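Novice: The listed protein sequences derive, respectively, from chains A and B. At position 378 of the first sequence (counting the first as 1) the number is 378 in my numbering, and the numbers step up by one without a gap. At position 410 of the second sequence (counting the first as 1) the number is 410 in my numbering, and the numbers step up by one without a gap.
Everything labelled a hint here was simulated from the structure, so no lab data went into it. Be a bit skeptical, because a hint or two may be false.
Sample of chain B residues facing chain A (criterion: CB under 10 Å; computed from the structure) [stated by the list, open to error]:
#, residue
1, F68
2, N69
3, W73
4, P149
5, P153
6, S379
7, R389
8, L393
9, G420
10, D425
11, S428
12, S438
Straight-line alpha carbon distances no greater than 27 Å define the calculated DSS-like cross-link-like pairs of lysine-lysine that follow [claimed, not checked]:
#, chain 1, residue 1, chain 2, residue 2
13, B, K248, B, K232
14, B, K273, A, K305
15, B, K378, A, K189
16, A, K158, A, K363
17, A, K171, B, K354
All values derive from a computational prediction rather than experimental measurement. Just so it is clear, CB atoms sit at the ideal spot from N, CA and C, and this is done for glycine as well.
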Amino acid sequence: MDSSDVIIIGAGMIGANCALRLIQSGLSVTVIDRGAISGGTTSAGEGNILVSDKDPGPELSLALRSREAWFELADEVGGEFELEKKGGLIVAKSEQGISDLKVQSARQSQSGVIVHQLDHAELHEIEPHLSNEIPYGVYYPQDSQLNPMLGVAQILKKFRELGGKVVTEAKVLSISTDAMSVTGVVTSKGEFSSRNIVNATGTWAGEIAEMAGSHLPIAPRRGFILVTAPTPSVVRHKVYDADYVANVASGSADLQTSAVIEGTRSGTILIGSSRERVGYSTTFDVRILRKLSEQALALFPALRKVQIMRAYFGFRPYAPDHLPVIGEDARVKGLWHATGHEGAGIGLAPATAEIIAAQITGKDCLMDVSPFSPARFAHDL
Amino acid sequence: MIIVVGGGPAGMAAALSAAQANSKVMVVEAGPRLGGQYWRHSSVEHLDQDGAKLVSAVMSHPNIEFLFNARIWRADYRDGESTLHVLIFGKSRELTTKKLILATGAFDRTLPFPGWDIPGVMTPGAAQSLLKGSGIVAGKRIVIAGTGPFLLPVSVGLAKAGAQIAGLYEANSRNRWFPHALTVMRNAPKLRLALSFQRELKRYQLRFRGGYAVVEALKGDEGLLEAVRVAKVDKEFGIMANSEFVIKCDVLAVGWGFTADLSLAGNLGVEFKKDSDGSISVVVDQFQETSLTGVFAAGELTGIGGAELAQVEGEIAGLTAAGNVNRPKRLHRLKKRKATFARALSAAYPVGNKWMEWLRESTIICRCEEVSLSEVEKSISNLGATDARSAKLLTRAGMGLCQGRICGRSFADIVESRTGNVANDESSIKFAARPIASPITFEELAGS
Ligand SMILES: Cc1cc2nc3c(=O)[nH]c(=O)nc-3n(C[C@H](O)[C@H](O)[C@H](O)COP(=O)(O)OP(=O)(O)OC[C@H]3O[C@@H](n4cnc5c(N)ncnc54)[C@H](O)[C@@H]3O)c2cc1C
Ligand SMILES: Cc1cc2nc3c(=O)[nH]c(=O)nc-3n(C[C@H](O)[C@H](O)[C@H](O)COP(=O)(O)OP(=O)(O)OC[C@H]3O[C@@H](n4cnc5c(N)ncnc54)[C@H](O)[C@@H]3O)c2cc1C
Numbered sequence: 001m002d003s004s005d006v007i008i009i010g011a012g013m014i015g016a017n018c019a020l021r022l023i024q025s026g027l028s029v030t031v032i033d034r035g036a037i038s039g040g041t042t043s044a045g046e047g048n049i050l051v052s053d054k055d056p057g058p059e060l061s062l063a064l065r066s067r068e069a070w071f072e073l074a075d076e077v078g079g080e081f082e083l084e085k086k087g088g089l090i091v092a093k094s095e096q097g098i099s100d101l102k103v104q105s106a107r108q109s110q111s112g113v114i115v116h117q118l119d120h121a122e123l124h125e126i127e128p129h130l131s132n133e134i135p136y137g138v139y140y141p142q143d144s145q146l147n148p149m150l151g152v153a154q155i156l157k158k159f160r161e162l163g164g165k166v167v168t169e170a171k172v173l174s175i176s177t178d179a180m181s182v183t184g185v186v187t188s189k190g191e192f193s194s195r196n197i198v199n200a201t202g203t204w205a206g207e208i209a210e211m212a213g214s215h216l217p218i219a220p221r222r223g224f225i226l227v228t229a230p231t232p233s234v235v236r237h238k239v240y241d242a243d244y245v246a247n248v249a250s251g252s253a254d255l256q257t258s259a260v261i262e263g264t265r266s267g268t269i270l271i272g273s274s275r276e277r278v279g280y281s282t283t284f285d286v287r288i289l290r291k292l293s294e295q296a297l298a299l300f301p302a303l304r305k306v307q308i309m310r311a312y313f314g315f316r317p318y319a320p321d322h323l324p325v326i327g328e329d330a331r332v333k334g335l336w337h338a339t340g341h342e343g344a345g346i347g348l349a350p351a352t353a354e355i356i357a358a359q360i361t362g363k364d365c366l367m368d369v370s371p372f373s374p375a376r377f378a379h380d381l
Numbered sequence: 001m002i003i004v005v006g007g008g009p010a011g012m013a014a015a016l017s018a019a020q021a022n023s024k025v026m027v028v029e030a031g032p033r034l035g036g037q038y039w040r041h042s043s044v045e046h047l048d049q050d051g052a053k054l055v056s057a058v059m060s061h062p063n064i065e066f067l068f069n070a071r072i073w074r075a076d077y078r079d080g081e082s083t084l085h086v087l088i089f090g091k092s093r094e095l096t097t098k099k100l101i102l103a104t105g106a107f108d109r110t111l112p113f114p115g116w117d118i119p120g121v122m123t124p125g126a127a128q129s130l131l132k133g134s135g136i137v138a139g140k141r142i143v144i145a146g147t148g149p150f151l152l153p154v155s156v157g158l159a160k161a162g163a164q165i166a167g168l169y170e171a172n173s174r175n176r177w178f179p180h181a182l183t184v185m186r187n188a189p190k191l192r193l194a195l196s197f198q199r200e201l202k203r204y205q206l207r208f209r210g211g212y213a214v215v216e217a218l219k220g221d222e223g224l225l226e227a228v229r230v231a232k233v234d235k236e237f238g239i240m241a242n243s244e245f246v247i248k249c250d251v252l253a254v255g256w257g258f259t260a261d262l263s264l265a266g267n268l269g270v271e272f273k274k275d276s277d278g279s280i281s282v283v284v285d286q287f288q289e290t291s292l293t294g295v296f297a298a299g300e301l302t303g304i305g306g307a308e309l310a311q312v313e314g315e316i317a318g319l320t321a322a323g324n325v326n327r328p329k330r331l332h333r334l335k336k337r338k339a340t341f342a343r344a345l346s347a348a349y350p351v352g353n354k355w356m357e358w359l360r361e362s363t364i365i366c367r368c369e370e371v372s373l374s375e376v377e378k379s380i381s382n383l384g385a386t387d388a389r390s391a392k393l394l395t396r397a398g399m400g401l402c403q404g405r406i407c408g409r410s411f412a413d414i415v416e417s418r419t420g421n422v423a424n425d426e427s428s429i430k431f432a433a434r435p436i437a438s439p440i441t442f443e444e445l446a447g448s
């Protein structure tokens with residue numbers, strides 16, 4: 001039987017990063033996915049690496065470390081994945097919005113986020129097509145962007161060069177355990193044995209936990225993105241409304257939208273995103289698209305005649321408390337969860353992988369990881 | 001009210017039969033007038049007799065209303081009701097109905113080959129639309145190539161309008177017809193049509209050559225098409241040794257049959273099937289009803305079958321949607337006969353897999369995003385793509401303005417040939433899905 005030190009289930013952004021870190025730690029690693037690489041949520045989102053949308057706390061610390069790690073990774077991996085220091089711009093119009101944004105950015109600044117407050121003139125100098133009616137904004141130079149599909153492909157390419165194995169089209173059907181310790185997986189392409197399994201299956205992570213006799217409350221939160229036809233540069237940064245931050249933090253199941261606008265290297269502009277809890281539903285209401293386009297126009301009136309050629313959607317993997325789940329399962333030994341990153345899994349992937357690699361190899365983590373522990377759901381069992 | 005989407009042969013026949021069965025009908029058509037691909041025209045005088053008769057019957061029926069220049073960009077189905085989002089006068093409007101007939105037709109199937117992105121290379125459909133719709137002859141010296149019965153009428157039409165036809169190349173050899181001769185004979189009108197084309201070919205001194213294909217388009221100094229390279233090809237479309245020659249021309253019209261326009265059907269979520277030749281179409285029952293109650297489909301989107309079959313299917317769909325229980329047996333017999341003919345026809349004009357051998361490393365596969373063959377191959381060998389979707393995500397092929405309508409199928413074929421990973425029906429069908437059926441501006445979307 002095929003045997004390795006670690007099996008990673010899931011070849012998305014989280015799985016790919018864990019794979020590279022673990023093989024660099026000297027372990028033999030096999031990545032298994034039921035489909036092709038980066039076929040899950042990773043291919044259905046945007047590629048933002050954000051610090052601007054996070055409140056001071058454990059997630060912001062993870063994000064700050066992860067952003068650094070992305071640039072280190074780009075040097076290590078070598079191959080191109082369109083990593084760019086794009087810079088984020090949060091804008092506000094109402095008095096309330098402006099004062100909230102001022103408070104928020106001041107607090108972020110104390111936690112190590114670089115912020116620049118911009119008045120009307122400065123704002124329109126760095127983002128000339130922004131609506132003239134918007135008086136105030138905060139610029140976050142650390143916010144960055146990459147192409148997630150290329151990112152996964154380049155990282156896994158490096159991983160394979162280091163001797164790692166990637167098995168695609170192999171669905172994990174069951175997890176083998178012995179005295180509450182994992183011993184391997186049974187897949188549609190045969191059995192693989194290992195004493196360590198990393199559960200990097202995103203929104204489907206609950207199913208894997210279930211297979212091992214444990215439990216993980218991960219559910220999907222759907223998001224839509226509009227894609228324009230290639231357009232001469234109207235949008236220079238990643239621009240969004242202060243409301244977005246409130247939406248991200250909200251626990252509501254109802255539809256929420258607030259436009260997050262960014263150009264990509266291919267010339268298209270991406271307009272994200274909505275948040276709603278509708279399971280894995282693929283039917284949708286055009287109201288979602290309409291609201292996004294109205295909000296986009298409120299920020300950039302110059303988009304009026306630009307064509308939307310495509311829309312797509314994906315499912316963010318979220319935990320009830322909206323924090324990632326990183327660490328060993330509370331019941332099953334050797335089962336390591338790396339999921340629940342919701343709308344930030346691209347940005348948070350390298351730091352997540354560092355934590356997983358440190359924990360599996362028994363090393364100290366550089367930060368306090370207890371807020372991410374799967375044990376916080378142990379009482380659900 | 002019954003809503004019919006598409007004013008081609010299928011849509012017109014559907015609207016008319018439903019109206020005659022006392023139902024109220026609304027026809028929604030993206031173009032400025034009825035006729036579809038087949039009866040594309042600038043005014044009724046330019047139509048043949050059948051076309052003129054059908055168009056005026058539909059136009060004058062008191063039970064039928066029309067929305068022209070109205071493009072449906074998205075459709076949804078919930079609880080037995082279809083909602084259509086129609087772009088009209090710069091605004092998106094909603095229409096809802098419990099009886100929907102889809103007759104959205106097909107577009108030309110293209111294959112990539114070296115030089116196909118040079119100005120002057122077009123599809124026969126485009127050449128024909130220019131001619132029928134605007135009276136424009138696409139070029140002075142035209143080469144027509146590809147496969148399928150449609151090449152003949154296009155050549156004759158262009159010759160009649162004064163173009164010089166520099167060559168007419170059908171990639172399948174004519175011998176292919178023999179196994180299906182019987183079917184053709186049972187379709188007397190088709191046979192007559194075929195014979196009349198033979199006469200016209202003679203009259204305009206058009207030399208039809210079977211078993212030849214245009215394998216490269218060549219650019220002149222000004223960047224425009226100057227000539228094409230033609231080769232004799234075998235059954236699989238492999239180039240035969242020492243058979244190549246060059247022909248000068250300013251337009252190449254090349255097409256490989258048709259691909260059904262499934263965008264709206266896909267939005268609604270009707271069941272699709274993948275045929276043995278790899279093409280995808282809508283599944284319907286004998287009454288043209290799809291897997292969704294109250295949603296009917298007729299014409300090319302149920303499988304490529306030509307204008308006559310499209311009309312018969314339309315008539316059946318219209319009657320069923322109108323709730324007419326006394327559907328005449330005649331229609332079903334007619335449909336069966338025409339469908340048999342259509343199958344025989346498509347069997348006579350298959351697309352061999354070795355067109356892929358005509359490609360070079362630098363040949364562009366996706367024109368919108370300018371993705372070359374070598375980039376597609378690298379996404380597989382270098383970046384680990386294992387199927388059409390992952391190769392698309394890594395190269396952006398099919399993610400441009402046409403949303404893969406032009407290159408999607410060829411791209412998937414190329415990826416399959418390189419990975420050996422043959423897509424199952426479900427993933428081929430998924431690959432063809434598009435949540436937005438046609439582009440819409442922010443203003444149009446927001447302002448509705
Ligand atoms: C609209 C939208 C916008 C987003 N924008 C951003 C953004 O700008 N920045 C950001 O950082 N994040 C963003 N995200 C979130 C981000 O995409 C996700 O957090 C991230 O992709 C999760 O990666 P993952 O590897 O955990 O999951 P996935 O990419 O879903 O990978 C899980 C993999 O597990 C495999 N799998 C599942 N079950 C099995 C099984 N039984 N056997 C084998 N394999 C299995 C799946 O096939 C899949 O490939 C966005 C998400 C959405 C939906
Ligand atoms: C160039 C060309 C030449 C042909 N020559 C022959 C021939 O000689 N003999 C023969 O038998 N067959 C021929 N055919 C095939 C013939 O045209 C088709 O079989 C026939 O037109 C099919 O009818 P239909 O109603 O299914 O589709 P179409 O005629 O294609 O009609 C579909 C209509 O739907 C409309 N539509 C599509 N999507 C939308 C939307 N989202 N919103 C609103 N409206 C929409 C389109 O504008 C179009 O008018 C030819 C086809 C082409 C392209």
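Novice: Each of the hints needs a verdict: does it hold here or not?
Specialist: Here is how each hint holds up against the structure:
For F68(B), the interface hint is violated, the least distance from its beta-carbon to any beta-carbon of chain A being 21 Å, above 10 Å. Taken as an interface hint, N69(B) does not check out: its beta carbon lies about 17 Å from the nearest beta carbon of chain A, beyond 10 Å. For the restraint placing W73(B) at the interface with chain A, the shortest Cβ-Cβ distance is roughly 9 Å, inside the 10 Å limit, so the hint holds. Evaluation of the P149(B) hint against chain A yields a violated restraint, the C-beta minimum of about 33 Å exceeding 10 Å.
Annotation: P153(B) was flagged as interfacial toward chain A, and the flag is violated, the nearest CB pair being 33 Å apart, outside 10 Å. Interface restraint check: S379(B) against chain A, minimum CB-CB distance 8 Å, threshold 10 Å, status holds. Residue-level restraint check for R389(B) holds (minimum Cβ-Cβ distance to chain A is 6 Å; threshold 10 Å). Restraint check, L393(B) versus chain A: the minimum CB separation of about 4 Å is within 10 Å; hint holds.
Hint on G420(B) is violated. Least Cβ distance to chain A is approximately 12 Å, over the 10 Å limit. A cut of 10 Å between beta carbons decides the hint on D425(B): the least distance to chain A is about 16 Å, and the hint is violated. Proximity of S428(B) to chain A is violated relative to the hint, the smallest CB-CB distance being about 14 Å (cut-off 10 Å). Using the Cβ-Cβ criterion of 10 Å, the hint placing S438(B) at the interface with chain A is satisfied: the shortest such distance is roughly 9 Å.
With a C-alpha separation of about 17 Å, the suggested pairing of K248(B) with K232(B) holds against the 27 Å cut-off. A hinted pair counts as satisfied when its Cα atoms are at most 27 Å apart, and K273(B) with K305(A) does not qualify at roughly 37 Å. The straight-line distance between the Cα atoms of K378(B) and K189(A) is roughly 26 Å, inside the 27 Å bound, and the hint therefore holds. Our distance criterion of 27 Å between C-alpha atoms is met by K158(A) and K363(A), whose separation comes to about 23 Å.
Pair hint K171(A) plus K354(B) does not hold up; C-alpha atoms about 33 Å apart against a cutoff of 27 Å.
In terms of the numbered hints stated before, the structure departs from hints 1, 2, 4, 5, 9, 10, 11, 14 and 17, listed from lowest to highest.
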